[in-house]
Amino acid sequence: MANETHQIGKSVPRKEGREKVTGSARYVDDLRFPDTLYGATVRNSVPRGKILGIHFQAGIPWDEFTIVTAKDIPGKNCIALLIEDQPCLADQQVNHPEEAILLLAHPDKYLLEEARRAVRIEIEPLPAIFAMEDSLARKQLIWGEDNIFKSYQMEKGDVDSAWSSAAFIVEGQYETGAQEQLYIEPQGMIAQANATEGVTVWGSLQCPYYVHKALVRLFALPKEKIRVVQTETGGGFGGKEEYPSMIAGHAALLAWKSGKTVKIIYDRAEDMVATTKRHPSRTRHRTAVTREGKLLAMDIDFTIDGGAYETLSPVVLSRGTIHAAGPYECLNVRVRSRAVATNAPPHGAFRGFGAPQSVFALERHLDRVAATVGISPEELRRRNFIREGQTLAFGQVVREKVDMHQLLERALELSGYHEKKKRFPLENSRSPIKKGIGFASFLHGAGFTGSGEEYLASEALVRVSRDGKVRVLAGSTEMGQGTNTVFAQIAAEALALDCEQIEILQPDTAQVPNSGPTVASRTTMIVGKLVETAALAIQKSLMESGFLKAGYDAAQFAVACRQYLDKFGALESLVKYQHPKDLHWDDATYQGDAYGAYAWAVYVAEVSVDTRTAEVRVEDFVAVQEVGKVINPVLAAGQIEGGVAQGIGFALSENVVWQEGRMINGQMTNYIMPTSMDVPPIRVFFEEIPYGTGPAGAKGIGELPLDGTAPAIANAIANATGVDIREIPITPEKLSDILESVHV
Amino acid sequence: MRSYVPAYEMETPRDLSNALHLMAREPGDWKPFAGGTDLMVLLEAGKLPHRKFLNIWNLRELRGIAVTPEHVTIAALTTYSDVRRHELLAREFPLLSRAAAETGSIATQNRGTLGGNIANASPAADSPPALLVYDAELELVSTSGTRWLPYQGFWSGYKQIALRDDELIRAIRLPRRNNIWSHFYRKVGTRRAQAISKVCFAGAALLEAGRVAEVRIALGSVAPMVLRAIETEQILRGDKPTAAVVQRAQETLALEITPIDDMRSTARYRLRIAQNLLAEFCERIAA
Amino acid sequence: MSEVTRKIQVQCEINGRPATLDAYPMARLLDVIREQPGLTGTKEGCGEGECGACAIELNGALVNSCLVPAAQANGARIRTIEGIADHGCLHAVQQAFVTHGGAQCGICTPGMILAAVNLLARNPQPTETQIREGLSGNLCRCTGYTKIFESVIEACRANRNAA
Chain D
1 MANETHQIGK SVPRKEGREK VTGSARYVDD LRFPDTLYGA TVRNSVPRGK
51 ILGIHFQAGI PWDEFTIVTA KDIPGKNCIA LLIEDQPCLA DQQVNHPEEA
101 ILLLAHPDKY LLEEARRAVR IEIEPLPAIF AMEDSLARKQ LIWGEDNIFK
151 SYQMEKGDVD SAWSSAAFIV EGQYETGAQE QLYIEPQGMI AQANATEGVT
201 VWGSLQCPYY VHKALVRLFA LPKEKIRVVQ TETGGGFGGK EEYPSMIAGH
251 AALLAWKSGK TVKIIYDRAE DMVATTKRHP SRTRHRTAVT REGKLLAMDI
301 DFTIDGGAYE TLSPVVLSRG TIHAAGPYEC LNVRVRSRAV ATNAPPHGAF
351 RGFGAPQSVF ALERHLDRVA ATVGISPEEL RRRNFIREGQ TLAFGQVVRE
401 KVDMHQLLER ALELSGYHEK KKRFPLENSR SPIKKGIGFA SFLHGAGFTG
451 SGEEYLASEA LVRVSRDGKV RVLAGSTEMG QGTNTVFAQI AAEALALDCE
501 QIEILQPDTA QVPNSGPTVA SRTTMIVGKL VETAALAIQK SLMESGFLKA
551 GYDAAQFAVA CRQYLDKFGA LESLVKYQHP KDLHWDDATY QGDAYGAYAW
601 AVYVAEVSVD TRTAEVRVED FVAVQEVGKV INPVLAAGQI EGGVAQGIGF
651 ALSENVVWQE GRMINGQMTN YIMPTSMDVP PIRVFFEEIP YGTGPAGAKG
701 IGELPLDGTA PAIANAIANA TGVDIREIPI TPEKLSDILE SVHV
Chain H
745 MRSYVPAYEM ETPRDLSNAL HLMAREPGDW KPFAGGTDLM VLLEAGKLPH
795 RKFLNIWNLR ELRGIAVTPE HVTIAALTTY SDVRRHELLA REFPLLSRAA
845 AETGSIATQN RGTLGGNIAN ASPAADSPPA LLVYDAELEL VSTSGTRWLP
895 YQGFWSGYKQ IALRDDELIR AIRLPRRNNI WSHFYRKVGT RRAQAISKVC
945 FAGAALLEAG RVAEVRIALG SVAPMVLRAI ETEQILRGDK PTAAVVQRAQ
995 ETLALEITPI DDMRSTARYR LRIAQNLLAE FCERIAA
Chain Y
1032 MSEVTRKIQV QCEINGRPAT LDAYPMARLL DVIREQPGLT GTKEGCGEGE
1082 CGACAIELNG ALVNSCLVPA AQANGARIRT IEGIADHGCL HAVQQAFVTH
1132 GGAQCGICTP GMILAAVNLL ARNPQPTETQ IREGLSGNLC RCTGYTKIFE
1182 SVIEACRANR NAA
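Going down the list, the protein sequences come from chains D, H and Y. Position 393 of the first sequence, counted from 1, bears residue number 393 in the working numbering, the numbering being contiguous throughout. Quick note, the working numbering runs 744 ahead of the 1-based positions in the second sequence. Quick note, the working numbering runs 1031 ahead of the 1-based positions in the third sequence.
Derived by calculation from the structure, the hints in this document are not laboratory data. These numbers were taken from a predicted model, which means no experiment stands behind them. No residue lacks a Cβ here, since even glycine has one placed at the ideal position from N, Cα and C. The reader is advised that the hints may include incorrect statements.
Straight-line C-alpha distance at most 30 Å; calculated DSSO-like pairs for lysine-lysine [what the hints assert, rightly or not]:
| no. | chain 1 | residue 1 | chain 2 | residue 2 |
| --- | --- | --- | --- | --- |
| 1 | D | LYS223 | D | LYS213 |
| 2 | D | LYS469 | D | LYS421 |
| 3 | D | LYS549 | D | LYS576 |
| 4 | D | LYS109 | H | LYS775 |
| 5 | H | LYS775 | Y | LYS1038 |
| 6 | H | LYS796 | D | LYS109 |
| 7 | H | LYS791 | Y | LYS1038 |
| 8 | D | LYS260 | Y | LYS1038 |
| 9 | H | LYS984 | Y | LYS1038 |
A few chain D residues facing chain H, derived, Cβ under 8 Å [to be verified]:
| no. | residue |
| --- | --- |
| 10 | ARG612 |
| 11 | THR613 |
| 12 | VAL657 |
| 13 | GLU660 |
| 14 | PRO732 |
| 15 | HIS743 |
Could you build all of it, start to finish, from the sequences and the hints given here?
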């Protein structure tokens, strides 16, 4: 195989870039249909209670409105996902603030808001649970028989045998808060629905087939009668993985009842308070180490708060559990984990999906372990990094090449770590501004866990037309991460064409196959591989037909396509996912090959802490990762930079303020994400050890940066100030209290 | 958009006199609307009960910055961008320039006005502490005539100011000091840009032979209104800002301000930081 | 129910063309612009004047159109993202955003480009610090801003070479 690639590894400009920079890209609220009604959702404010009545106050021309309640649902009143516990519209009981109770539609969007204000929901409150501890203690049973959505126990070796021989035992508890995805385009959907033609929705979403499945259940219609079209999507990050099924269901129900096109666009306030957030977490570590700092045993207890309904909590818990022990060799590991119910709006997918939570705890804990042993944080990692041939905590033998030592050295060198660690204490002694540097070392598995990819059975299709244009049909969505461009590059590389000849079809369930959801860092690695395979199959067919000769150019390709189609009618290749034969995962014991491939990384953060105000500033950030193959350098670096910025927010400022299960700071003014002045230079470096099963050797990278950023910053703050950080976000208020308590 | 927009009226008076007559006809019926950076946010959130607004944005009588040897007079519709661009203000009233630069974003600064900021009377506003330090006076006009009030004392409580329903703020006048003061401004916000202040400290002092001859200290976000820390100033006045003096001043400050817990920050944090900023100010002026 | 006020006719110029907007006086200029045919490029991200996605130029000044009532646009010169390219020829900033990764999901992009173009009009060769400050009123959740800075720097370089 030639090493020279002509598309792979090139920063091909974004396929839909021109539309985006001229304002001609069409997001859901830019679509106009004639005769459209606006839709709005009436929500409750009580965290838990029985619905006694719904009252429509005078002064509104109610007869002009379409009103939908649970009784209007043709199929099952649920948002079908893993299970069917979450209602589309609350019927007898509400289980979280901002739960949807009824829907209104009207042609006048201003009058619609007046009407929304004029609906009074009468609720008899029931006792509610807001804290994970209270849920575990079963102060109230609010979900199922024990408030637990899911639990796992993952074991390797014999943890309890190690304590007696340990030179040191280090314990710690670490917490992470909720985080709002804050895509700049709020959620929105347009729907048309009737019994004859079925249901069509257009909207901002990541997973057209998730929405499709949910609508099938909601309307009790056959699959062919439901159509889901993804519009240009202004950011998702997981926040548009499962939630769009809810808003699509709402728009479709209003369309069904009114017989008109209905558009629902959330304003920012509603989007913030009512939709999913990252699961809050609490992790307890108990670690046994030898005198030299070799890990003997890791006993980890991991709890996440799932909110009021199950949604995706079992899967978030799964990823968090598997990533809890990191890229280290330890013969005895036990992870006991659970996702619990509280009366808050359900928490959901957010880039990283459980791993940012457990990795924060681990990487912060290991710095403390190093301090206890009396060695540097980097030396502790060196003595424990996993190597090829060794076994990860869940029993997977590392069969890919990995060199964490080299990644660590490179990251430390690029960040000037050693020099700064020497210099900062001297400078700090003369200044109220304390500087520090810290790092995190981690891995992130790409694709669905274990047998997940097999279960998804994703497909992608490549088709050629008479003019030589190549079309890629996949259910994977573009939301800024570069799906369209990367797929075009992969197909173009396989076919020895230019990207301009490759067209990526807009994901429309009536046209494209189910490629699985656009999540889990799987789109390039798993679906991109299907695209590559399909494109190669097309090429093979053309060559075997005799119409295409080796060394062809674009014009010859076009001619060959025409000739082939004239003779055979059509040329397309549908490829279905094949699970690698050497990957085995046991769901029952939670052991085996969790992921086909891992990205490996070391991130280094330099911070300055102004002790007068306890404000933390990230001054420099180095991100080094091994990712298999960088398909598009600009896009790949963009993913890391954007993820690091989200990680900075996660670590320092993105604080959800809760009051009885409700977010009270649901405004962009009060929920603080980084501006251009809040990010440091973010320096990104890639290494490439090609992954045999990835397209052109690529592994997944989308979620990786969310795992290592916050712990690197926390470790840097600890280095700068000498104080212990146990929770994020580390707001100035919290840090100020900690600094004060140390000085007193 | 949470408000019922069709119920809101906006009239555009042709000049200041016309505007004042409309406001006098039924005091409180028509409220002035300048750049809209506060009022439109309330409208969006469904929190603007008042429905009738006078668009004063084009009133030429309310624009301009006039300089005389004794004063700089800033007309009420001066935007933060206008303040930032003005060289003399940057030289002689740097706290005001700093405050303007730290308000919102460039887009907000192009529309937000000093008059609007004063009339909105938020205790978290960024410019009022600077205006207090500079002994600002306000020119208020109505059909009854003109009156001047010192900005100090303009507030009587949370969002309660001595502006009558039929009055418009016409200008803010700052006396020019002909001796050299040290200036210090620090806004501690929720992030480095586009931030609501958690604590805002503005201070200026004149030192003679190492002693504080004159001092002004004003804070935002630590009380129901922006305030001059008069008692704290008293502690510093006449003394060298030694560690002991600074400590006494910090203790006095704790009694003068009443910070609260809210969704942005805590009372404890605000108090601590206000005291730290006071110490930083004293360090700065002593140097 | 509240009494409804009369709509007004707002005479203005949008991207160099005269326009008459039929609107309630306190309707947001953002909404009124977006209702015009072919002018959906200006986006709503927050409705609070915090994210900058709705940024336009109003009489040459960068403003958040979600905070401007329609009545105040009377007699105004408005420029939106649709008016940045010159008869289909991309502005240097737009071109740089395409090649240098300044746009990912694209929803913040129109406002971000307005802010960048406005910055360069006032300061043709800004430092990176000035670029950071100039764009600090535009929130981006995808890029972490790094490639936005690089795109603006590239646009400055292209302008220098063209001059």
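Do the hints match the structure? See the list:
1. LYS223(D) x LYS213(D): Holds, at roughly 8 Å.
2. LYS469(D) x LYS421(D): violated (57 Å)
3. LYS549(D) x LYS576(D): holds (27 Å)
4. LYS109(D) x LYS775(H): Roughly 26 Å separates the two Cα atoms, so the pair holds.
5. LYS775(H) x LYS1038(Y): holds (20 Å)
6. LYS796(H) x LYS109(D): The hint holds at about 21 Å.
7. LYS791(H) x LYS1038(Y): With a Cα-Cα distance of about 22 Å, the restraint between LYS791(H) and LYS1038(Y) holds, given a limit of 30 Å.
8. LYS260(D) x LYS1038(Y): Since the Cα atoms of LYS260(D) and LYS1038(Y) sit roughly 27 Å apart, the hinted pair holds (cutoff 30 Å).
9. LYS984(H) x LYS1038(Y): Status violated; Cα separation ~64 Å.
10. ARG612: holds (4 Å)
11. THR613: The hint holds - THR613(D) has a Cβ within 8 Å of chain H, the shortest such distance being about 5 Å.
12. VAL657: This interface hint holds because 5 Å falls under the 8 Å limit.
13. GLU660: violated (14 Å)
14. PRO732: holds (7 Å)
15. HIS743: Check failed: Cβ of HIS743(D) comes no nearer than 11 Å to chain H, outside 8 Å.
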